[in-house]
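Undergrad: Let chain A serve as the given structure and place chains B and C on it in line with the hints.
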Amino acid sequence: MSKEAPLSIAEREFILEALRQDSRLDGRTPDQFRPLKISFGDEYGHVNLELGNTSIIVRISAEVTKPRDERPFDGLFNINLELSAMGSPAWENGRPNDVESSVTHVLDSVIRHSNALDTESLCILKGVSCWSIRADVHVVAYDGNLTDAACIAVMTGLQHFRRPDAVVRDGQVVVYGVEERVPVALNITHKPLSVTFFAFNESKNIIVDATLKEEQASEGELVIGINNGGEMCFMNKFSGATINAREIVTRTSVALEKVKDLNAQIDRAMQADLALRAKRGMAEESRAENDR
Amino acid sequence: MVGPTASLSNLSRADGSASFKCPTTGYKILGSVNAPVELPGRRDALKPEEATVEVFIKPGNTTAGVGERYVEGIIRTMLQKLILGRERGFPRRGVVITLAIVGGGAIARGDSYLTLLPSLLHTSLLALLSGAVPMSMTYSTALVAVSKSNVIISNPTLVEAKAASSLHVLAFSSKGHLLLNESQGRFDFDTWKTVQQCAHALCRGVDLPEVDGDIAMEAQGDSGTAEGFVRETVENHLYRDYAWKIDTE
Amino acid sequence: MVTSAAAPAPSSRPALSLPPSQFARLQPHAYLLAHLSPPSTNNQPSIRANGRAPTQFRVTSANAGSLTHTNGSAVVRIGDTAAVCGVRAELLHTEDIASWSVSQATSSNKSPRSVDQTEELGEQDDNETIERERAHIEDLNLLVPNLSLSTGCAPGFIPGSAPSSLAQSLSHQILSLLHSTRLVRADDLRIWYQPPSMGPEELERHNEEEQMDVDTAQNDPVEESPREIKAFWVLYIDIMIISLAGNAFDAAWAAVLAALRDTKLPKAWWDVDNETVVCSDSISDARKLSLRGLPVASSFAVFEADAAAGWRAVVIPEAAEMKAQRLARKGGVSERWLLADPDGYEEGLTQERACVVVDKDTDGKVIILEMEKNGGWTIDTEDLQQLVDLSSQRWEDMKRILDEC
Numbered sequence: 001m002s003k004e005a006p007l008s009i010a011e012r013e014f015i016l017e018a019l020r021q022d023s024r025l026d027g028r029t030p031d032q033f034r035p036l037k038i039s040f041g042d043e044y045g046h047v048n049l050e051l052g053n054t055s056i057i058v059r060i061s062a063e064v065t066k067p068r069d070e071r072p073f074d075g076l077f078n079i080n081l082e083l084s085a086m087g088s089p090a091w092e093n094g095r096p097n098d099v100e101s102s103v104t105h106v107l108d109s110v111i112r113h114s115n116a117l118d119t120e121s122l123c124i125l126k127g128v129s130c131w132s133i134r135a136d137v138h139v140v141a142y143d144g145n146l147t148d149a150a151c152i153a154v155m156t157g158l159q160h161f162r163r164p165d166a167v168v169r170d171g172q173v174v175v176y177g178v179e180e181r182v183p184v185a186l187n188i189t190h191k192p193l194s195v196t197f198f199a200f201n202e203s204k205n206i207i208v209d210a211t212l213k214e215e216q217a218s219e220g221e222l223v224i225g226i227n228n229g230g231e232m233c234f235m236n237k238f239s240g241a242t243i244n245a246r247e248i249v250t251r252t253s254v255a256l257e258k259v260k261d262l263n264a265q266i267d268r269a270m271q272a273d274l275a276l277r278a279k280r281g282m283a284e285e286s287r288a289e290n291d292r
Numbered sequence: 001m002v003g004p005t006a007s008l009s010n011l012s013r014a015d016g017s018a019s020f021k022c023p024t025t026g027y028k029i030l031g032s033v034n035a036p037v038e039l040p041g042r043r044d045a046l047k048p049e050e051a052t053v054e055v056f057i058k059p060g061n062t063t064a065g066v067g068e069r070y071v072e073g074i075i076r077t078m079l080q081k082l083i084l085g086r087e088r089g090f091p092r093r094g095v096v097i098t099l100a101i102v103g104g105g106a107i108a109r110g111d112s113y114l115t116l117l118p119s120l121l122h123t124s125l126l127a128l129l130s131g132a133v134p135m136s137m138t139y140s141t142a143l144v145a146v147s148k149s150n151v152i153i154s155n156p157t158l159v160e161a162k163a164a165s166s167l168h169v170l171a172f173s174s175k176g177h178l179l180l181n182e183s184q185g186r187f188d189f190d191t192w193k194t195v196q197q198c199a200h201a202l203c204r205g206v207d208l209p210e211v212d213g214d215i216a217m218e219a220q221g222d223s224g225t226a227e228g229f230v231r232e233t234v235e236n237h238l239y240r241d242y243a244w245k246i247d248t249e
Numbered sequence: 001m002v003t004s005a006a007a008p009a010p011s012s013r014p015a016l017s018l019p020p021s022q023f024a025r026l027q028p029h030a031y032l033l034a035h036l037s038p039p040s041t042n043n044q045p046s047i048r049a050n051g052r053a054p055t056q057f058r059v060t061s062a063n064a065g066s067l068t069h070t071n072g073s074a075v076v077r078i079g080d081t082a083a084v085c086g087v088r089a090e091l092l093h094t095e096d097i098a099s100w101s102v103s104q105a106t107s108s109n110k111s112p113r114s115v116d117q118t119e120e121l122g123e124q125d126d127n128e129t130i131e132r133e134r135a136h137i138e139d140l141n142l143l144v145p146n147l148s149l150s151t152g153c154a155p156g157f158i159p160g161s162a163p164s165s166l167a168q169s170l171s172h173q174i175l176s177l178l179h180s181t182r183l184v185r186a187d188d189l190r191i192w193y194q195p196p197s198m199g200p201e202e203l204e205r206h207n208e209e210e211q212m213d214v215d216t217a218q219n220d221p222v223e224e225s226p227r228e229i230k231a232f233w234v235l236y237i238d239i240m241i242i243s244l245a246g247n248a249f250d251a252a253w254a255a256v257l258a259a260l261r262d263t264k265l266p267k268a269w270w271d272v273d274n275e276t277v278v279c280s281d282s283i284s285d286a287r288k289l290s291l292r293g294l295p296v297a298s299s300f301a302v303f304e305a306d307a308a309a310g311w312r313a314v315v316i317p318e319a320a321e322m323k324a325q326r327l328a329r330k331g332g333v334s335e336r337w338l339l340a341d342p343d344g345y346e347e348g349l350t351q352e353r354a355c356v357v358v359d360k361d362t363d364g365k366v367i368i369l370e371m372e373k374n375g376g377w378t379i380d381t382e383d384l385q386q387l388v389d390l391s392s393q394r395w396e397d398m399k400r401i402l403d404e405c
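Protein chains in written order, with the UniProt record's numbering: chain A, 1 to 292; chain B, 1 to 249; chain C, 1 to 405.
Chain A on its own, in the form it takes in the complex (with noise of 0.2 Å):
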């Protein structure tokens, strides 16, 4: 298989009936948004997310490298997605697609040229080491916007890794491993998520955080990168049928509202995380203690 099996008529003309009456196929209203699901893994900046039935697993990664000779003060950072089978029997491994593509465009578009991530932090001793930042992407389950929960995942992943903290020392750097010196949180300067919206019925119905039936019900695709502040980073209108102007400008503030909403509920799970990792340290240290 490499694409997905089409819709039937009568299940595309289900949900655009359903839509023109202003109801979508799992009760929700057209501005709401999936149930958000954020757990991590054991280490910094392993995030599980699921967005329905949309998974996405995110890992950071930090190492030393030497930075770029144009740009000696500059870190590196990078984020990669790679589809494989495991997401959908429709992506074939090995082969990049079209979602794909699509995807890593608005991923670099809303969070690495927007600099959400501060990459000058990330210099140890110019022109010579610097961290490289990577972020992979893994996508386990998909169905539909990928592009929203891939976003939130890695905006997320940024936020909760920790690097090792790294000194200067005549010429040479040491490295402190997370035993000896607390890690360090990266240098976050805004955080921009993106909101993908779906239109149909001649741009009638438009909608938030499509599933993949819907998806491929939908005539045009319209993708805003917002960040809390109300700053614009990344607006696209991909493809498909027009959507009036002024739709857009009101669609902007959706998209607003829906980022605050996301950013308040990943400061949620992070905080939540934070406290149940700090108690566990604490619990190792008395045990620790316990033991001399």
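The hints are simulated quantities; they were obtained by calculation from the structure and are not laboratory data.
There could be a bad hint or two in this list.
[What the hints assert, rightly or not] DSS-like cross-link-like pairs, simulated, lysine-lysine; straight-line CA separation at most 30 Å:
| hint | chain 1 | residue 1 | chain 2 | residue 2 |
| --- | --- | --- | --- | --- |
| 1 | A | LYS66 | B | LYS162 |
| 2 | A | LYS3 | B | LYS47 |
| 3 | B | LYS162 | C | LYS365 |
| 4 | B | LYS193 | C | LYS365 |
| 5 | B | LYS193 | B | LYS148 |
| 6 | C | LYS399 | B | LYS193 |
TA: Using the frame of chain A, we list chains B and C on its own:
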């Protein structure tokens, strides 16, 4: 000692899936199986009489390189022989196994893959079972290291494996055949024989003199061995799946 | 595996008179089986379709130093499989290594730089030296093997395609064997510099110290400024299989081994004034690599008589049962054959493979460096023992061939 943990069928889109966590090496693998599927991109490689087995390994935080291709080859050769690829619906199609390393450290270029191999093999088996792919037998695998002082360490940690003078991965079928052996390092044949016995005990328990088929099975005890672990995982899953039926009976 | 039910008999002529070459193509499995199990009436030994005895390797030849623009090269032919290997050494300055100036504060000081004066020589392989060797050769990637299956080396290798997964996994196998056998000594690849903080007479002695015996280093703890590594040699080992007729790994590994034995590195030192590494262009200054041992690889395949086992849903007997059957049948017709050094035709008919890499120490004791077995369930412990014995015989042959080249 803490045993490995695993769960079955945890992905929604794949035909079969499993996750497996090895406590000693810290690796966590997520595996999925799609079978039988059409492989239009591989039309030239498809075989008219049997299924094509494809294995794909996705490292957690690096890009796949030559090492992954090599391990994929090992797993593919082993599974090709076990999967009944001539069953109805399988010829000219593919059995696609995708394994993602979602926890644990990265393996650098040219490093030994042996520490990871047992986890990958167990994940593939559980995923194949979860996807109901017909197989002639199941298997279990073990990692054994021999230290510099000639001490045999079963289930070594990564540090022990790195310091070891030789490292061995063995896989035994559910019928006792030696399916796979990968040994690296410096050793002689007598050492290997001891390693083989140790691995056999880890996988299938100690062989008791066979009095009667059933009793011998009972006495071996499933718990603790790698084979018993696979069996328990699948049984637990089945009990959960058929709870509605079992309750009514 | 081609196993059609019946051989298409020529309808015009009732007499079945296919030339052997056609029979071999139409019924490859039956053809090889017929060779291996001759009728019991005539007392012929079983022989393979290519005329070899089951445990016989193909004629092997090696030729070193065939390429002029490399530091070392070799061509190895095993039957119709031919591999060319060229070793090229390039300099890697330590300031170009990102991890060079980084040290891990945890536990043992793991900076690559932390190797200093006490340098090992000879066979005293304590844990520390091994760890240092590993750190340099493996972490800094000083050995870079790359294998390519050239266009037309066998039918099916078309120009312009990406490296096949076979080529990639062979590259990895060679790299991991180079690492695990520790064939190349890290010290051969290091370029040292001794800051001139000492008097002239000490400088002279410094030359001896290049040879470095631990004793002298211990006897006089001189307060000299520490020697430091300024650069490394990186060995690019390129292997090209120009003709592939089965058993690519043995040929490729033998070519790597022969080429490394042939490799000479020019004398190189750090020039303080120009802040660069300078190499001597006189050949007499160049020195050979001192390799650890002579690991020789031998591959085997298992040919099974019952080709139908693959497609019939057979009940596979328990391992113990299988062994009993085999013992009972001993002396009679065996149901599977271990074939040494399989050629392309045989590789197409077999699935189970084994590969053993052995070396012998000075006392002639066999050391196994790698043992692999995969793709089936017929090889058991006794068979592996037999394969190790065969491989150690093969080691003698290969040693002779490599010493002569």
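Undergrad: Holds or violated: LYS66 (chain A) and LYS162 (chain B), Cα atoms, limit 30 Å.
TA: holds (27 Å)
Undergrad: Below or equal to 30 Å on CA atoms is what counts here, so check LYS193 (chain B) against LYS148 (chain B).
TA: Within the cut-off at roughly 17 Å; holds.
Undergrad: Checking one constraint from the list: CA of LYS162 (chain B) to CA of LYS365 (chain C), max 30 Å. Satisfied?
TA: Since the Cα atoms of LYS162 (chain B) and LYS365 (chain C) sit roughly 25 Å apart, the hinted pair holds (cutoff 30 Å).
Undergrad: CA of LYS399 (chain C) to CA of LYS193 (chain B), is that 30 Å or under?
TA: holds (27 Å)
Undergrad: Are the Cα atoms of LYS3 (chain A) and LYS47 (chain B) separated by 30 Å or less?
TA: holds (22 Å)
Undergrad: Holds or violated: LYS193 (chain B) with LYS365 (chain C), Cα cutoff 30 Å?
TA: This hinted pair holds, its Cα atoms lying about 17 Å apart.
When the structure is compared with the earlier hints, no violation turns up for any of them.
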